[in-house]
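In order, the protein sequence lines correspond to chains A and B.
No gaps in the numbering here: position 172 of the first sequence is 174 in our numbering, and each next residue is one more.
No gaps in the numbering here: position 51 of the second sequence is 53 in our numbering, and each next residue is one more.
No lab work stands behind these hints, which were simulated from the structure alone.
All values derive from a computational prediction rather than experimental measurement.
Mixed in with the good hints, there may be bad ones.
Any copy, or any two copies together, can satisfy a pair, since identical chains are not distinguished.
Derived pair list, reagent style DSSO-like, types lysine-lysine, alpha-carbon separation capped at 30 Å [stated by the list, open to error]:
(1) Lys255 / Lys111
(2) Lys214 / Lys106
(3) Lys111 / Lys9
(4) Lys111 / Lys214
(5) Lys255 / Lys8
(6) Lys111 / Lys8
(7) Lys9 / Lys255
(8) Lys28 / Lys255
(9) Lys28 / Lys214
(10) Lys214 / Lys255
2 protein chains.
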Amino acid sequence: MIFDLKKYINDRRLLVEEFIDRAAPKADVMPSTLHSAMRYSLEAGGKRVRPILAIAAAEAVAGNGAEAIPGLIAAASSLEFIHTYSLIHDDLPAMDNDDFRRGKPTNHKVFGEAAAILAGDALLTFAFELLSSPEHMEGMDPARRIRIIRELAYASGSMGMVGGQAVDMESEGREIDFVTLEYIHTRKTGALIRASVRMGALSAGANDEQLKAITRYGEEAGLSFQIADDILDITGTKEEIGKDVGSDVEKGKKTYPAMFGLEESRSRARELQASAVEALSIFGDRAEPLREIARYIVSRKN
Amino acid sequence: MIFDLKKYINDRRLLVEEFIDRAAPKADVMPSTLHSAMRYSLEAGGKRVRPILAIAAAEAVAGNGAEAIPGLIAAASSLEFIHTYSLIHDDLPAMDNDDFRRGKPTNHKVFGEAAAILAGDALLTFAFELLSSPEHMEGMDPARRIRIIRELAYASGSMGMVGGQAVDMESEGREIDFVTLEYIHTRKTGALIRASVRMGALSAGANDEQLKAITRYGEEAGLSFQIADDILDITGTKEEIGKDVGSDVEKGKKTYPAMFGLEESRSRARELQASAVEALSIFGDRAEPLREIARYIVSRKN
């Protein structure tokens, strides 16, 4: 039987979006402007890569039906709250100063800068509210929940995502070396993708060997995702990528293709993808979704 | 024996500052500019009101020596990370646009706007890293830790501190009614002060009756703290309050004294303080520090 990746992704995306819609503060609850701003970006139609990776990692460990693991969908969705906050803050005038995101006006263009800063803060905080909520996480062992909270906090903090963004901002328009580029890649996007599969695997009760394999997959697939993104910034069309083509180059951002050229970058992304797939051998068929996602990451058009 | 509030506060402030210094990411660890920005504001010399309230609440429940409760100092300090991040973001040009805080240039004046936004994000995230850390929270039961994490997340999120700040921003320069003013007060500063004493009490294993009493104390002392702050903005000197006198009035912020006058505000603050003290009767002598802190809040000069 051929694995239908499109259906797989779509089914899980719907699960996650349904959960987010149910769990996120309602726009008609006070403070309603803040809640509207939070929902505007949550509902802006991302690919939900991180939550889907978390669910797929749980399935690699626990098999089909892993969606029913208590707290898994909430844990997976918490990643989307963090990712969404990071996009809102990255787009701010003081940061990347982007007017469009996924083809829509950015949060601060719609709600103003102050509201966008606060919406980001509130989304970040909400991720931890979710993971500590008795309602959404019921049935997951408290010690396991703590471990998952720690994963998310560490991956998104100063040694993870925020740290990567900080070094990226500092490096804008400067010559940077490969070590700095790798630092940015492994933190800015890599840390949260790594945490996605680890949080999914931990939700499913992964043992040390399984967690190690999933971690390698997450690191390598995450880096290939970043390289593919940087390639798309150059080769994609505005319709495909939902923002101006070449905007990284224009801002003087150092990227993999800027440093090594397109061909070398494509080949590096493929190598990483192959190695990420290899890391999954201990899971057998259960890891088929993770493998297909790794392949898709490198070949995608948006 | 007369209770020495100054010594009491000072001893606990040192405990908290020593912990923060030890736990916060070092300025020489990469990304060092981000870590320097985080530490700049952490070390800017706040009164550490929230951590001290948390410790005093734990002592009301568990008596002297409560400082030794596993995880208490970490939980108390996590409040200071949240408070510090909120000050950095509140001071941003898009928000209150303040150049000075506690007599020193604000974070964005020293490190730039982008770094200040990220330092705030990282401090917020670090609070949850701390509460989920095996190192700092060792010995506290995981279920209790989850409950404490939930307290902090809820109090600082869209229904708490960030929500209060959002409504405050929206209300600037507009006529607002008393209901809106109370909404802002109970969220913007009230929620985190309420959480401070609750987190301390929960760390010490408070029962429902104790938690209820502590909560009432926190709500009333918190509101009196806010009113006292608004009074000081009008009656204090620049040296005492570390920022320009009358800056709230200048910005068109609606405050308690702006709405009811100084005398009525002073009398309301005293009433709240008396009621907060009354709530503590079940704790006997153990709550003496909390009582003295409530009195100090209303009479302080900075």
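Hint by hint, here is what the structure shows:
With identical chains, the CA atoms of Lys255 and Lys111 are at most 30 Å apart both within one copy (23 Å) and between copies (25 Å). With identical chains, the CA atoms of Lys214 and Lys106 are never at most 30 Å apart, being 39 Å at best within one copy and 47 Å at best between copies. In the homo-oligomer, the alpha carbons of Lys111 and Lys9 never lie at most 30 Å apart, since the shortest distance is 34 Å inside one protomer and 50 Å across protomers. In this assembly of identical chains, Lys111 and Lys214 lie within 30 Å of each other by CA distance neither inside one copy nor across copies; the values are 42 Å within and 43 Å between.
For a Cα distance limit of 30 Å, the shortest separation of Lys255 from Lys8 qualifies neither inside one copy, at 32 Å, nor across copies, at 52 Å. Taking the shortest alpha-carbon separations for Lys111 and Lys8, neither the intra-copy value of 33 Å nor the inter-copy value of 49 Å comes in at or below 30 Å. Neither within a single protomer nor between protomers do Lys9 and Lys255 lie at most 30 Å apart by alpha-carbon distance, with minima of 35 Å and 53 Å respectively. When the C-alpha separation of Lys28 and Lys255 is checked against a cutoff of 30 Å, the pair qualifies only between copies, where the shortest distance is 27 Å, while the shortest distance within a copy is 37 Å.
Proximity of Lys28 to Lys214 under the C-alpha cut-off of 30 Å is restricted to the inter-copy arrangement: shortest distance 28 Å between copies versus 39 Å within a copy. For the homomeric pair Lys214 and Lys255, neither the shortest alpha-carbon distance inside one copy (32 Å) nor that between copies (53 Å) is at most 30 Å.
Of the hints listed earlier, those the structure fails to meet are numbers 2, 3, 4, 5, 6, 7 and 10, in rising order.
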